[in-house]
Amino acid sequence: MNEGFETDERRAAIHTELRAWVCELAGKGGVAKIRKWMLQDREIAAVICHSQPFLLGLAGDVRESMVESCVKKWKPEADAKLNKAIDLKKIAARYSGFVRGLGAASFNKGIAAKWGSRIEA
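Quick note: the sequence shown uses the working numbering, first residue 8, plus one each step.
Accuracy of the hints is not assured; some may be wrong.
[Said to hold, decoys possible] In the PhoX-like style, the derived pairs of lysine-lysine whose C-alpha atoms are separated by at most 25 Å in a straight line are:
1) K96 with K80
2) K91 with K79
3) K79 with K43
4) K97 with K82
5) K82 with K40
6) K96 with K82
7) K80 with K43
8) K79 with K96
9) K82 with K43
10) K80 with K40
It is worth saying that the hints were derived from the structure and are not from the lab.
Kindly produce the complete structure, drawing on both the sequences and the hints.
Below, the structure written as structure tokens:
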């Protein structure tokens with residue numbers, strides 16, 4: 008998920024200041040302001056994506072939501088792939104009963120006989 012949000016280690020001091028700024032703002036109830044800035048500045052987005060929630064003063068679910076927003080804004084192609092994977096997982100869940108039934112059907116003597124009588128060219 009952090010791919011595309013690379014940080015420059017030469018700017019580590021700036022990233023530390025950005026983390027402190029996010030933490031201070033989060034403590035004052037400024038999550039909306041943080042969201043606004045991370046969608047305008049890719050470096051702030053990178054710091055949020057690379058930092059643990061406790062370093063940012065954010066709840067885990069809030070940080071995860073911010074990371075999702077960063078991906079949508081800054082890496083739309085990755086967001087599209089994630090959404091496709093989520094959709095495929097939902098579709099696969101609908102077929103689990105069918106797949107279980109296939110295993111049981113292979114032990115049915117009548118069906119096994121039909122499969123055994125199939126001619127291959």
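Open item on the list: Output the indices of the hints that this structure fails to meet, ascending.
Closed with: Those not satisfied: there are none.
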